[in-house]
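If you read the protein sequences in the order shown, they are chains Z and X. Position one of the first sequence corresponds to residue 1 (the working numbering), numbered consecutively onward. Position one of the second sequence corresponds to residue 1 (the working numbering), numbered consecutively onward.
Worth flagging that the hints you see were computed from the coordinates, not collected in a lab. Hints are supplied without guarantee of correctness; some may be wrong.
[Said to hold, decoys possible] List of simulated lysine-lysine pairs, DSS-like, C-alpha gap at most 25 Å: (1) K89(X) to K153(Z); (2) K146(X) to K93(Z); (3) K166(X) to K150(X).
Values in this document were obtained by computation on a predicted structure and should not be read as measured data.
Protein chains: 2
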Amino acid sequence: MKVVILRLGHRYARDKRLSSHVALTARAFGASEIVFDAVDSGVKQSVERLNELWGNGFRVSFTDSWRKFVEGFEGDVVHLTMYGLPLSKVVGKIGKSRRDKLVIVGSQKVPSEVYHLADFNVSVGCQPHSEVAALAVFLDRLFDGKELLKNFKGRKVIVPQAVGKKVVDIN
Amino acid sequence: MKVVILRLGHRYARDKRLSSHVALTARAFGASEIVFDAVDSGVKQSVERLNELWGNGFRVSFTDSWRKFVEGFEGDVVHLTMYGLPLSKVVGKIGKSRRDKLVIVGSQKVPSEVYHLADFNVSVGCQPHSEVAALAVFLDRLFDGKELLKNFKGRKVIVPQAVGKKVVDIN
Chain Z
1 MKVVILRLGH
11 RYARDKRLSS
21 HVALTARAFG
31 ASEIVFDAVD
41 SGVKQSVERL
51 NELWGNGFRV
61 SFTDSWRKFV
71 EGFEGDVVHL
81 TMYGLPLSKV
91 VGKIGKSRRD
101 KLVIVGSQKV
111 PSEVYHLADF
121 NVSVGCQPHS
131 EVAALAVFLD
141 RLFDGKELLK
151 NFKGRKVIVP
161 QAVGKKVVDI
171 N
Chain X
1 MKVVILRLGH
11 RYARDKRLSS
21 HVALTARAFG
31 ASEIVFDAVD
41 SGVKQSVERL
51 NELWGNGFRV
61 SFTDSWRKFV
71 EGFEGDVVHL
81 TMYGLPLSKV
91 VGKIGKSRRD
101 KLVIVGSQKV
111 PSEVYHLADF
121 NVSVGCQPHS
131 EVAALAVFLD
141 RLFDGKELLK
151 NFKGRKVIVP
161 QAVGKKVVDI
171 N
């Protein structure tokens, strides 16, 4: 099961850091690609630099028509929104089908069409918070925590420590 | 068990939106207060406006000495860092003691002292990602998902929908 993230409403400059956090969260929590609806080569470059050091072939790409991209996606479309059905109620069903997933995360207001295009509108709590938090918790529940144990096969590997930092360079 | 978040290294302007995401995530995932090491009344005001509509007495405050604040905290000090011990290995132990928790999240580089002041250095995965994601997943695991079902007793309440939005105003 491949998981692709679609980040809607990325505004260059204003959203640079938040969109980077969305992309890095997608990567660290087991997604294989993020697609933005606006070109931002800065975000792409920073993720790719990180890939190079820390491993995993996570991809960043862009689409000039998010509608076509969603309609053409072969798999389940999940839209994370505070107005949707509770995560705990639907995540089992979503995970059960091994079809690929497209997970849509917006920034501010999302076009109402998205609610209709999605197979599942899912709320990670019914309170306003953060698309980064929603994405992380959704993926953590979808993959049942296993995504955090994945080997990224990078050039740098962290050895967990009770105190301090230990990083090993793999040659 | 009360959970307080300490956000280190907040830089005014540059971190405004990210720090807001950290604060809103803390609130939505069951923490009762966030403390910043730099005054930013904009972040405080935006969280308080949201409290007013959506409920819950979540507090935003500031400290001019994070060291003293950590040292004076009565409870367990948890520092979220990609270099720490894996979440799945330590979260059971952390949750078992019903003492209050202080959860420290940094932005960029965190002073090495923090690793020593913490009772637990905990990694939410060993990959670089986002303090927002790390905080959300840590709290979700600590509270075992129950935090998302909490009643915030706000003036606005969302009624979960398969498609669309339904918000009820409580008078």
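_Structure-inconsistent hints, enumerated in ascending order_ = Failing hints: none at all.
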